[in-house]
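A.B. asks: This is what each chain is made of:
2 protein chains.
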Amino acid sequence: MVPTTLNDLLLDGLRDVYHAEKQVVKALPQLARAASNPALGRAFEDHLEDTKRQVARLEEAFQLLGATARGKRCKGMEGLLEEGKEFLESGGSDPVLDAGIIAGAQKVEHYEMATYGCLITWAETLGEVEVAHLLEQSLDEEKTADELLTHLAEEGVNALAARGDGTD
Amino acid sequence: MVPTTLNDLLLDGLRDVYHAEKQVVKALPQLARAASNPALGRAFEDHLEDTKRQVARLEEAFQLLGATARGKRCKGMEGLLEEGKEFLESGGSDPVLDAGIIAGAQKVEHYEMATYGCLITWAETLGEVEVAHLLEQSLDEEKTADELLTHLAEEGVNALAARGDGTD
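In order, the protein sequence lines correspond to chains W and F.
Per the working numbering, residue 1 is the first one in the first sequence, and the count goes up by one each step.
Per the working numbering, residue 1 is the first one in the second sequence, and the count goes up by one each step.
Worth flagging that the hints you see were computed from the coordinates, not collected in a lab.
Treat each hint with caution, since some may be false.
Chain F stretches covered by chain W per the calculated footprint, using a threshold of three residues with CB under 8 angstroms from any CB of chain W [unchecked claim]:
#, stretch
1, 19-33
2, 67-77
3, 122-131
4, 152-161
Ideal Cβ placement from N, Cα and C applies to all residues, glycine included.
Chain W on its own, in the form it takes in the complex (with noise of 0.2 angstroms):
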């Protein structure tokens, strides 16, 4: 599709975060399981809840739009988790290995926060009020995310995996 309109756009972007956000429900529960600290563990799984509730509104904002729900293949967030998936595959040790789990999804946190500040001020200008609210509530989650990942690495995460062992 060659985007002519903003309203072209902001579909563009939808299918471009719908196929993100479901690509990122299949990673959460691995790196769920690949974390050794156990509130990072949570945190993923947090957040997997949270995923799950952002793609039903974009099949909400969609329809509001009057668009079919659909998906368009996201280079953007592939690249972000096959750079995760390879650092998971390295073999590296668990306090070090969390510190890097969290590095690769701050980056899947920041895309999505760049995706949702974006589409917001589209729908905003294009006066979809109730789909700019629905985004709104989306781009809030994944701030609150990133932020306790950015607790728990200077919290414990960093200090561990800079003594280089898992022991407290």
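Chain F: place on chain W using the hints.
C.D. replies: Then chain F, alone, in the frame of chain W:
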């Protein structure tokens, strides 16, 4: 390289972002040429100068850590730039193209913000104060560039894109 220490992770992350920034140095002139809004074009030209400084700072960081400055293929950034390239080639009309270019560039900025954020906390944990200080300057530049893009979108580009023409 299997990252077994936080120092490995820091070096690995520096190599990843070193490769990423070099890709951005190549991409920014294309974005500057593609932008129809003059202020947007200038923003990309200015950010190219920032990015060259960021590459030089990374080389300084490698030196401080006693490591060779070399990149590591960054699939995350590759995916983001590939997505942006496809958009540029989609043949959209001027103001809509500008709005989409901003969105793609903000994904790139956010990738770098997430990356520098993690690298700074790792460098601080390891007591690498000078490295952290260098990367903080780059993080601040990324945040400023991201805010400028939001400003340009909200103060003109999006409204023009909604009208579907490039006239004032």
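A.B. asks: Now tell me, hint by hint, if it's right for this structure.
C.D. replies: Here's how the hints hold up against the structure:
1. Coverage of the stretch 19-33 of chain F by chain W is violated in this model, with 0 residues showing a Cβ closer than 8 angstroms to a Cβ of that chain against a need of three.
2. Residues of the stretch 67-77 of chain F with a Cβ under 8 angstroms from some Cβ of chain W number 4, which satisfies the need for three, so the listed coverage holds.
3. Under the rule that three or more residues need a Cβ within less than 8 angstroms of chain W, the assignment of the stretch 122-131 of chain F holds, with 3 such residues.
4. Chain W is given as covering the stretch 152-161 of chain F, and this holds because 5 residues of the stretch bring a CB closer than 8 angstroms to a CB of that chain, at least three being needed.
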